[in-house]
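Trainee: One letter stands for each residue in the lines below.
4 protein chains.
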Amino acid sequence: MNKLKVGVVGVGYWGPNIIRNFHAMDNASVVAVSDTNAKTFSRALRISDRIRTETDYKRITDAKDIDIVCVVTPVASHYEVARRALEQGKHVFVEKPFTASSAQAEELITLARSRGLRIMVDHTMLFTGSVRKMKDVVDSGVMGKLLYYDSMRVNLGLFQHDVNVIWDLAPHDFSIADYLLSSKPVAVAAHGLDHFDRGAEDVAYVVIYFENNIIAHCNFNWISPIKVRHVLLSGEYKSLLWDDVEPDEKIKIYDRGVKVPDREKMHQLLVTYRFGDMVAPKVDNKEALALEAEYFLDGILKGSPFINDGEAGLRMVKLLEACDRSLKNRGELVLL
Amino acid sequence: MNKLKVGVVGVGYWGPNIIRNFHAMDNASVVAVSDTNAKTFSRALRISDRIRTETDYKRITDAKDIDIVCVVTPVASHYEVARRALEQGKHVFVEKPFTASSAQAEELITLARSRGLRIMVDHTMLFTGSVRKMKDVVDSGVMGKLLYYDSMRVNLGLFQHDVNVIWDLAPHDFSIADYLLSSKPVAVAAHGLDHFDRGAEDVAYVVIYFENNIIAHCNFNWISPIKVRHVLLSGEYKSLLWDDVEPDEKIKIYDRGVKVPDREKMHQLLVTYRFGDMVAPKVDNKEALALEAEYFLDGILKGSPFINDGEAGLRMVKLLEACDRSLKNRGELVLL
Amino acid sequence: MNKLKVGVVGVGYWGPNIIRNFHAMDNASVVAVSDTNAKTFSRALRISDRIRTETDYKRITDAKDIDIVCVVTPVASHYEVARRALEQGKHVFVEKPFTASSAQAEELITLARSRGLRIMVDHTMLFTGSVRKMKDVVDSGVMGKLLYYDSMRVNLGLFQHDVNVIWDLAPHDFSIADYLLSSKPVAVAAHGLDHFDRGAEDVAYVVIYFENNIIAHCNFNWISPIKVRHVLLSGEYKSLLWDDVEPDEKIKIYDRGVKVPDREKMHQLLVTYRFGDMVAPKVDNKEALALEAEYFLDGILKGSPFINDGEAGLRMVKLLEACDRSLKNRGELVLL
Amino acid sequence: MNKLKVGVVGVGYWGPNIIRNFHAMDNASVVAVSDTNAKTFSRALRISDRIRTETDYKRITDAKDIDIVCVVTPVASHYEVARRALEQGKHVFVEKPFTASSAQAEELITLARSRGLRIMVDHTMLFTGSVRKMKDVVDSGVMGKLLYYDSMRVNLGLFQHDVNVIWDLAPHDFSIADYLLSSKPVAVAAHGLDHFDRGAEDVAYVVIYFENNIIAHCNFNWISPIKVRHVLLSGEYKSLLWDDVEPDEKIKIYDRGVKVPDREKMHQLLVTYRFGDMVAPKVDNKEALALEAEYFLDGILKGSPFINDGEAGLRMVKLLEACDRSLKNRGELVLL
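Same order as they appear, the protein sequences are chains A, B, C and D.
With the numbering used here, the residue at position 266 of the first sequence is 266, and numbering never jumps.
With the numbering used here, the residue at position 303 of the second sequence is 303, and numbering never jumps.
With the numbering used here, the residue at position 278 of the third sequence is 278, and numbering never jumps.
With the numbering used here, the residue at position 165 of the fourth sequence is 165, and numbering never jumps.
There could be a bad hint or two in this list.
As the list claims (entries may be wrong) - Mimicking DSS-like on lysine-lysine, the simulated pairs with C-alpha atoms at most 25 angstroms apart in a straight line are:
1. B:Lys64 with B:Lys318
2. A:Lys3 with A:Lys64
3. D:Lys282 with B:Lys145
4. A:Lys39 with A:Lys58
5. B:Lys286 with A:Lys227
6. B:Lys252 with B:Lys135
7. B:Lys286 with C:Lys227
8. A:Lys133 with A:Lys282
9. C:Lys259 with A:Lys282
10. D:Lys227 with C:Lys135
11. D:Lys286 with D:Lys135
12. A:Lys328 with A:Lys318
13. C:Lys286 with C:Lys302
14. A:Lys282 with B:Lys328
15. A:Lys328 with B:Lys282
16. D:Lys282 with C:Lys282
17. D:Lys135 with B:Lys259
18. A:Lys282 with C:Lys252
19. C:Lys184 with C:Lys318
20. A:Lys282 with C:Lys133
21. B:Lys282 with C:Lys227
22. C:Lys328 with D:Lys282
23. B:Lys133 with A:Lys259
24. D:Lys252 with A:Lys227
25. D:Lys286 with C:Lys227
26. A:Lys282 with A:Lys227
27. B:Lys252 with C:Lys145
28. B:Lys328 with B:Lys135
29. A:Lys227 with B:Lys302
30. A:Lys227 with D:Lys145
31. D:Lys58 with A:Lys227
32. C:Lys145 with D:Lys227
33. C:Lys133 with A:Lys252
34. A:Lys145 with B:Lys328
To be verified - Between beta-carbon pairs, the in silico distance windows are:
35. D:Lys135 with C:Asp162: 36 to 42 angstroms
36. D:Gly303 with C:Gly276: 52 to 58 angstroms
37. B:Pro247 with A:Asn329: 42 to 48 angstroms
38. A:Ser101 with B:Asp277: 28 to 34 angstroms
39. D:Asp324 with C:Lys135: 47 to 53 angstroms
40. C:Tyr273 with D:Asn37: 20 to 26 angstroms
Simulated from the structure, these hints should not be mistaken for laboratory data.
Keep in mind that this is a model prediction, so the values were computed, not measured.
Positions of the beta carbon are idealized from the N, C-alpha and C atoms, including for glycine.
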């Protein structure tokens, strides 16, 4: 079997993980990487000293021996690099968020479709054992109708230079909510503050109204003294807590819920509560990026669809754009 | 010394606590209580079998031997009972939230002032060891400029019949934020959903913009599978976590913060983070209501001002009203 | 139905709980209490003002109108009071530990048997929702063969005046292990230190060897800065953690275990580990003492046996005596 | 400056960490490694492809270009390899536990001394930020007289093939207690069970009596469903908890203690308890092994003494031997 040849543009913080995982696949190998900063090359060469290194990304996008281009640059350049790669007939694997605007995302989708090429957006979280377990639970129907998605994603962390706290942290929750809720967002409101006059919010609170009376709420914060990674997903019959800081019991499924009396009796009777067992299922701890890379390569070879295709990437960018619009007007509701 | 004579209107869930605490004071005794439901009287008589019991609240407000009336009824009747008590020359201690509307609150304040009577609104939380410790820390200045107040107050709890989740849970946070931030709220936005068609939201998210670039955010939820009582209060130099579910270390003060470079250098230099010690100070665990009752009686005898006077109660009711208005228009920003 | 008449000797710390629970039973009422300290009587009268109060315990043991005597005095006087009550034809409910020596316990058991009277020792823990749930799990067989019982019961707590930390805290674990393991203890070793020259150990570590290759280990400590209430009960297939400090999930059942290869292959093959789900079952939170009182009264009326009869009390006292002997010789193994 | 040349014998689980850390030092480089299993060599070559690989350890111990031999083999061969290295004039860095018997340890110490060579035993734990912080706190005197050391070190972990649970886990606690308590152990008792007939205990409980009325207690367990890494170190005035599973607040210092009345009043007066603040100091998270390697190389160059020299290694082996003797006689007290 001929291996798929992969080129990686961008060898910064996340790039080496992409290189390592694609290079470890049976049906692929990384043949070349590029970065404007040649000091990063050692990170690639430690994985394989046969990888070509380039400072001009076009030596990757245009290389004859490359089938797939991974775009792991800052978001501002995703569009330029991915477009060039598609134009040169390469499949692309693009870091999240997909692009800096929905117009760019739409153009890339159209371009790929016209050339018969594939796009995957690196929504890594969807491939973690935790999110896959959550998806199984939701799809099994045991939770009943979903009621809300509530995320707290805060830490004293890295200020990003080029984006605000929403563009930095929300892609996690937006891709997960998109995947789990299977429901269309209809409106978004976002509040935030830029405490240090940096031109970018450091705390932000986002509310998304979905169809079917579901609400999602996210608390994003770069300046919290503590790290919290909580997602509550609540259903009529069962609710679920994902605590990603917890080393062992990341997912807890609570057999707890509200029993509401029949509508006609509702004003006389009390709502009651049900407290049952809690189960912390075993969660697979395979590396998410390895599963994602395998899924991408398989999909290219078999032509199977991706849950995290360009369209999924576009839906996320639209939410991010709506957040920006809402932020500017202190939480104005933005219809989607 | 003649003891102050206290009458209590409402002997439901919270009433017995009021009776027990006022009755235990050196300078007061509870002489009479009323409730429309005579079955509740045993709760009062267990405290003292010399307490008079009445089914008509006017037998309390109008009693010649009573100096103080505690109004512990549902919020809808606070105004009626408190007004009657004031008209009859009694000081009033009113359960939170103060009144069902700001107009009612203003009328009661005016009435009390004209008669030289005192109003205290039962913002019990302000008298807990935790909030008193937080106040000390904030006032000491060690936190530097305050940045945000973030509360998560959720549980699978009691649906209230007459109010939504904001009127039920927000009085805690609104009174605490009012007390700690010493800053004026300028605008409010509230989102929520009524999942069970009960005419009252069961989850809600509130954002309050304060002067001085401070933001408060509250996550209220009656249908969470888990109980969370987290308040994060963050300052330039130190941040503080109040975890009221924690049995021992309720308050944690983190010596962590953000160092932002001088403004002119800001675009070249990275923001850095400071990680220092954490201190969980000893928190006094005296019963909050006992301290509050003592403070109320002292204030009446000495004429000293209250932190939780009618004005404080009014400020809270205005926030609750603003939330209701915002909720109706899916998070519309309501200026104060 | 005639109610059983209960007299209570000792109205100190635990006495009021005994009075309250027996008095609340349908088929019993507390008619009299005694204490050498008359100041304690108000605690009884708060429960019912028709209770007779006495300073001489013989006015209880010898009272014609009393069927049952609860002995809630310090352990040194259990024997004297219980013997008198039995001689006077009363059933006895005796605080743990049963007696100050096994000889005393044996005498009381013989006495009760000869008179057709019943003894219950107040091993309250056996009636908690947590221990009942643990018993159900053990008896269901899902855990497989039991391997060990490991308890950590430590806190910065109350120094007892008359006993060491083992006599104070071990009755909890000794009664629980006796109940759950259904296995005979064969030897005991106890180590401890008396750091403050009080003539009584403040920290102690106890090991009990049971039949069937089961070991129990207990860590008792009065001078720990933190409170820990952990019991690990481990079986071949599943293990169980009881964390009594945890408000909600007190019992966790882990589907984890060791797979040991067949004996002949053992030196070649590795032991492997199995990690499965964890379940925190709903635990009933009815008051243990109420259930125990009901069980005692039922047993008297129906003649049914008690899990916490005099024999169970005797087994515990024998373990405590063995601990004392071992402590004196720095952990010498004491065979039972 | 000429770099010190390091050879490493044993490239199994821990070997690569030794190689990586010594190789990263400014004043040393790893020039050769050996292992009987040539498949392990890639782990060394990934660190540097200029490292020589050998299958016979004598090609390391006897190599002319090597100054230091790191012995990272199973404990059974430590003595043989280290002796050969010393005879060949090399300094040795030996994995813990130092040797399989105290006689071996003594022989190595004598040999090194006679040749003017240095021995360091890899008590890595002493170089963690947590233990260094604990040492600072103890040495500052704020804790007052130390009272006990209590460790719980349990997990569903790796059965070791050649040793029991004490030889596997106790070296951590024995080296830490030796370092922190600065007190001489006088007697040891160890209990344990071999539940799976493997000829090695899988759970064990160890008590060590130290001079000055200090007691150490350790709970070791390979078959626990949960991982616990707790060390409580208690003093007259302050106590300390080290929770190594906790990601952030590994060390907590509690201002809590016991106030014992003067001896003559002791039988009248109650012991009282003091509850003050808790502080979780910032703990340095530099890699322990890097600090240890640096300390070793510095010590060789400067002739400065080691806290973890051969004598410290010998003290630990003596404790392990005493445990084995005690285990065989079900907890018999072994005097040291």
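Trainee: Now tell me if each hint is right for this structure.
Mentor: Okay, the hints, checked on the actual structure:
no. : hint                                       : in the structure
1   : B:Lys64 with B:Lys318                      : 34 angstroms, violated
2   : A:Lys3 with A:Lys64                        : 14 angstroms, holds
3   : D:Lys282 with B:Lys145                     : 23 angstroms, holds
4   : A:Lys39 with A:Lys58                       : 19 angstroms, holds
5   : B:Lys286 with A:Lys227                     : 31 angstroms, violated
6   : B:Lys252 with B:Lys135                     : 13 angstroms, holds
7   : B:Lys286 with C:Lys227                     : 20 angstroms, holds
8   : A:Lys133 with A:Lys282                     : 9 angstroms, holds
9   : C:Lys259 with A:Lys282                     : 18 angstroms, holds
10  : D:Lys227 with C:Lys135                     : 24 angstroms, holds
11  : D:Lys286 with D:Lys135                     : 16 angstroms, holds
12  : A:Lys328 with A:Lys318                     : 16 angstroms, holds
13  : C:Lys286 with C:Lys302                     : 23 angstroms, holds
14  : A:Lys282 with B:Lys328                     : 43 angstroms, violated
15  : A:Lys328 with B:Lys282                     : 43 angstroms, violated
16  : D:Lys282 with C:Lys282                     : 38 angstroms, violated
17  : D:Lys135 with B:Lys259                     : 31 angstroms, violated
18  : A:Lys282 with C:Lys252                     : 14 angstroms, holds
19  : C:Lys184 with C:Lys318                     : 12 angstroms, holds
20  : A:Lys282 with C:Lys133                     : 23 angstroms, holds
21  : B:Lys282 with C:Lys227                     : 16 angstroms, holds
22  : C:Lys328 with D:Lys282                     : 43 angstroms, violated
23  : B:Lys133 with A:Lys259                     : 39 angstroms, violated
24  : D:Lys252 with A:Lys227                     : 18 angstroms, holds
25  : D:Lys286 with C:Lys227                     : 31 angstroms, violated
26  : A:Lys282 with A:Lys227                     : 23 angstroms, holds
27  : B:Lys252 with C:Lys145                     : 44 angstroms, violated
28  : B:Lys328 with B:Lys135                     : 34 angstroms, violated
29  : A:Lys227 with B:Lys302                     : 47 angstroms, violated
30  : A:Lys227 with D:Lys145                     : 36 angstroms, violated
31  : D:Lys58 with A:Lys227                      : 50 angstroms, violated
32  : C:Lys145 with D:Lys227                     : 21 angstroms, holds
33  : C:Lys133 with A:Lys252                     : 20 angstroms, holds
34  : A:Lys145 with B:Lys328                     : 24 angstroms, holds
35  : D:Lys135 with C:Asp162: 36 to 42 angstroms : 39 angstroms, holds
36  : D:Gly303 with C:Gly276: 52 to 58 angstroms : 55 angstroms, holds
37  : B:Pro247 with A:Asn329: 42 to 48 angstroms : 44 angstroms, holds
38  : A:Ser101 with B:Asp277: 28 to 34 angstroms : 45 angstroms, violated
39  : D:Asp324 with C:Lys135: 47 to 53 angstroms : 37 angstroms, violated
40  : C:Tyr273 with D:Asn37: 20 to 26 angstroms  : 24 angstroms, holds
The structure does not agree with the numbered hints 1, 5, 14, 15, 16, 17, 22, 23, 25, 27, 28, 29, 30, 31, 38, 39 stated previously, though it agrees with the rest.
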